Amino acid sequence: DTEVTQTPKHLVMGMTNKKSLKCEQHMGHRAMYWYKQKAKKPPELMFVYSYEKLSINESVPSRFSPECPNSSLLNLHLHALQPEDSALYLCASSPLGQDNTGELFFGEGSRLTVL
Amino acid sequence: DQQVKQNSPSLRVQEGRISILNCDYTNSMFDYFLWYKKYPAEGPTFLISISSIKDKNEDGRFTVFLNKSAKHLSLHIVPSQPGDSAVYFCAASSLGGATNKLIFGTGTLLAVQP
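Chains A and B are the protein sequences, given in the same order. Okay, so the first sequence: first residue is 1 according to this note's numbering, each after it adds one. Okay, so the second sequence: first residue is 116 according to this note's numbering, each after it adds one.
If you're looking for bench data, these hints aren't it; they were derived computationally from the structure. Careful: at least some of the hints might be erroneous.
Listed next, the in silico EDC-like pairs over lysine to aspartate or glutamate satisfying Cα-Cα at most 16 Å (straight line) [as the list claims (entries may be wrong)]:
| # | chain 1 | residue 1 | chain 2 | residue 2 |
| --- | --- | --- | --- | --- |
| 1 | A | Lys-41 | B | Asp-174 |
| 2 | B | Lys-152 | A | Glu-103 |
| 3 | B | Lys-152 | A | Glu-108 |
| 4 | B | Lys-152 | B | Asp-174 |
Computed beta-carbon distance windows for the label pairs [to be verified]:
| # | chain 1 | residue 1 | chain 2 | residue 2 | range |
| --- | --- | --- | --- | --- | --- |
| 5 | A | Glu-44 | B | Ala-213 | 17 to 23 Å |
| 6 | A | Gly-14 | B | Tyr-154 | 29 to 35 Å |
| 7 | A | Arg-63 | B | Gln-196 | 39 to 45 Å |
| 8 | B | Ala-185 | A | Leu-54 | 24 to 30 Å |
| 9 | A | Lys-40 | B | Asp-116 | 17 to 23 Å |
Bear in mind that the values here come from a model prediction, so they are computed numbers and not experimental data. Cβ coordinates follow ideal geometry from the N, Cα and C atoms, glycine included.
All chains should be modelled from the sequences, with the hints used to inform the complete structure.
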């Protein structure tokens, strides 16, 4: 299995809603990432988990809350978002240690619209 | 401050000809460079990479060239095919860290015309 699976593919939410984005991989990768991509912009790193522990937080607002319940799953909990948070949210994974080729393996993304 | 730049937002090439996509970076700590291809409504897919110890890496129709002194890399696709039409992102990282913190360029939309 060489896939990173993200659900849902599309999500529409109001500013007072609480929702979650989910990401799953079964490649045995021990690093997982959340990127955010707005239209006509490059993907921007939000969070990195290494061995299920948060290792990088790129000064992301607290209305985004990541969670890594186990080595295969990565969640992004969303609460009190703003319309400008509408974007494509990309999950990625990579091996650590000797197996690390420097590459990230991306999912297809979750398209979020905040009304 | 954009550390990785792709100055051509779009490129149009005839089928069978060479496509050259360019990328510039500013951070001299970057030592690993990757190209990703992205179709609409899909995640980026890895294409080819190059370490800073090399100046060229080739994989089939795809070749990446790195000029460290100019902080410039390019992706050559030859011959170009209509299926190559996509957005191409250049990315850079420092391999010294345990995880792969990739910094992406702004992307170039390649259109290969039959």
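Between Lys-40 of chain A and Asp-116 of chain B, does the beta-carbon spacing fit 17 to 23 Å? holds (18 Å)
Do the beta carbons of Glu-44 of chain A and Ala-213 of chain B sit within 17 to 23 Å of each other? holds (20 Å)
16 Å limit on alpha-carbon distance, applied to hinted pair Lys-152 of chain B and Glu-108 of chain A: Measuring from Cα to Cα gives roughly 12 Å; hence the hint holds.
If you draw a straight line from the CA of Lys-152 of chain B to the CA of Glu-103 of chain A, is it 16 Å or shorter? Roughly 13 Å separates the two Cα atoms, so the pair holds.
Outcome for the supplied range 24 to 30 Å, where the beta carbon pair is Ala-185 of chain B and Leu-54 of chain A: violated (37 Å)
Does the beta carbon distance between Gly-14 of chain A and Tyr-154 of chain B stay inside 29 to 35 Å, or does it fall outside? holds (30 Å)
Restraint status (C-alpha distance of Lys-41 of chain A to Asp-174 of chain B at most 16 Å): Status violated; Cα separation ~27 Å.
Going straight from one Cα to the other, do Lys-152 of chain B and Asp-174 of chain B come out at no more than 16 Å? holds (15 Å)
Is the hinted range of 39 to 45 Å satisfied by the C-beta distance from Arg-63 of chain A to Gln-196 of chain B? holds (43 Å)
Going through the hint list in order, the structure does not satisfy hints 1 and 8.
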